[in-house]
Amino acid sequence: MSTVVMDIDNLHARIGGKEILKGLNLQLEEGKVHAIMGPNGAGKSTLSKAITGHYDIEVLNGEIRYKGQNIVDWEPEDRALEGIFLSFQNPVEIPGVNNAYFLRTAVNAKRKHLGLPELNAAEFLREMKKLVAELGMKPEMISRSLNEGFSGGEKKRNEILQMMMLQPDVIILDEIDSGLDIDALRAVSEGINKMKDGKRSFLVITHYSRILDYIEPDYIHVLKDGKIIKTAGPELVAELEEKGYGAIEEA
Amino acid sequence: MRPVLLGAMSPESLMEELQASPSRALAARRLSELGMPTRKSEAYRYFEIDPLMEHDWDVLPVAPTGEIEETQRRIVITDGVVTALPADVEVQVGCSDAIDLDGAHFDPLYYLGHLMSREVISLRFRKDTRVTIVHRYTRPAKLLAYRTAIYVDANVHVQIAERYEGEGACGALILSGHDAFVSRDATLTLVKDQTLRIGDYTPIFSHRIKVDSQASCCLHSFDFGAGSGLQLIKAELHEHARIDADHLLYAKDHARRGTVSQIVHIGQSSLSNQRAKNILAEKARGIFDALIKVEHTGKYTKAHQNSKAILLNDGAYMASKPQLEIYIDDLEASHGSTTGQLDEAQLFYLRSRGIARDEARKMLILAFANELIDALEDEVLREELHRSFEEAYWGVTSVTCMETCHGCEDLAAESAAK
Ligand SMILES: Nc1ncnc2c1ncn2[C@@H]1O[C@H](COP(=O)(O)OP(=O)(O)O)[C@@H](O)[C@H]1O
Ligand SMILES: [Mg+2]
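Just so you know, the sequences run in chain order A and B. In terms of numbering that gives the first Met the number 0, the first sequence opens at residue 0 and continues consecutively. In terms of numbering that gives the first Met the number 0, the second sequence opens at residue 0 and continues consecutively.
Worth flagging that the hints you see were computed from the coordinates, not collected in a lab. Each residue gets a CB set at the ideal place from its N, CA and C atoms; glycine is no exception. Please note that the accuracy of each hint is not assured.
To be verified - Dumping the calculated DSS-like pairs for lysine-lysine here, alpha-carbon to alpha-carbon at most 27 Å: (1) B/K361 x A/K128; (2) A/K154 x B/K361; (3) B/K307 x A/K111.
Said to hold, decoys possible - Stretch-level coverage of chain A by chain B, calculated; a stretch enters the list once three of its residues show a Cβ under 8 Å from a Cβ in chain B: (4) 216-222; (5) 239-246.
Put together the whole structure using the sequences plus the hints.
Now the structure itself:
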């Protein structure tokens, strides 16, 4: 039996005054890849926002227990420092904030939290440049404003770059494959697969199974109408492809 | 002297009361037409001018010019008197008739400043120069009036950085400003760091800038900190002349700070681009009351004006009033004004990466401000202003080199190559 790193229990959450998550249960196991699949509008992004503490979300009931603590009232930065990372479906652009300066601030905040010495600019840039090259990003992305004018694919690569620099414990990837061409998809999934170390857990959110050809899931969860209605092994992907979400009934 | 009492006087009695030089008759006539400013005056309606005008001021007499120290690139004006000067800047102190007053300035205090300044400090630039003007105020609670005139000769390019040191002048009222004449094909870049602290003097700087044919003026003003102060700018643009005016305001506490301006396009194909960015914290009030006027002679003009404000607290307030007044059809013009809070989605993004809320807010505020600081060509000034802004915002400076230069990247590249 694997260790459960995150245990979401009977989560009810509201967004914009409307209840979207209606008693969701989900357990993430250490070292495993969990895929959440579901139709558009099912509440997948809402779930990722609830886990990371987004300001739009109001949790009405239930708990998110992470490493044994209920984090529902935690600040977003505290969740991040404790190892939760979200690769956003639509990363925002922040003109005027230098990408390298931003990421160094984030990395050093994390290092400080872990009691490690901060990285100086040169040490940090060496590491960042290496990863930028690995991900096939243009070197100029380092000194550009955060996500400003980045293409869809560049934004997603930049999310993965942050993930690799921050070394989180639970990684949520919200529609990481949307808007990616085949090269970008390959670079991004290589980056993700490299992060697998038997300890780290992944929550791969998608409404489309393509990404799962690149990142092999251990579990498939179907999210519909604010609940996980089915959990199964990777064989479920083929069934969903064939029959669609409509055929899946609540177990 | 209570300035408010001057309001009802005839030009003749004004001249007499202020013992003005006869060359200032125009100023007396205009001041008497406009009257003294009150809170009902157009230019001062968002500024608390009444207490300043009603106060019975002890006027600080400007001492005669004494010994002038020779410096490299610094002009120092102490309590209205030139005390240091580089060898290559020509200065003339006196009340010559040559200073051609603007007969159509909107600000009564422009005229009061001229009437009270028995001598005008005229600086003439005959060749390309970069200088710093330090204005030093040492006398508390006085009213000090002095004026400077800047002449940039044809084809000459001048950059003037201005700083103010007023720790000793708590409670003083300073009436000052430039009459700047930028001749044909010349450029004047004016970078003003007008940081104020709580309890400092109150500056009312009233400028007049004349930009001749094909000349250009870049005005960058930085008003940081607390306290009260206003800059009033009247600029006139002749054929193919250009002005780029950037105003960055960061005000906190009970500050009343800002810019009131009129840019007048007189010549055809003239160009103006004015950008204001305002960050208001606590109970501060920001002012951007700016008119662009295109005369019927100003065909093919381009005029753009934009003001953005971020309010950091509920008590903060921005009075933003960009206006266009146009008398022709053949032109390209735009103006806009927005006021809002910090962007929640951006803030969340930063926090979701483990950056604490206050640090994330600071990053976004700096990003907003940086656009106007980074617009400075001079790298040294850019760094100084980054520092000045950080000090005003954070109380300390924490500018790291990565924000402002690429030296570290080179260093990293070097060490990676080894
Ligand atoms: N900020 C918001 N305000 C109001 N409703 C929202 C907001 N964000 C999402 N929703 C609604 O919540 C539902 C679930 O959205 P989302 O979680 O984004 O779905 P998914 O990611 O599964 O496609 C949708 O009906 C959507 O319209
Ligand atoms: Mg979604």
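Hints, one by one, checked against the model:
1. B/K361 x A/K128: holds (26 Å)
2. A/K154 x B/K361: Judged against 27 Å, a Cα distance of about 23 Å means the pair holds.
3. B/K307 x A/K111: violated (35 Å)
4. 216-222: This one is violated; 0 residues, fewer than the three required, reach chain B with a Cβ under 8 Å.
5. 239-246: violated (count 0)
Comparing the model with each earlier hint shows violations of hints 3, 4, 5; every other hint is respected.
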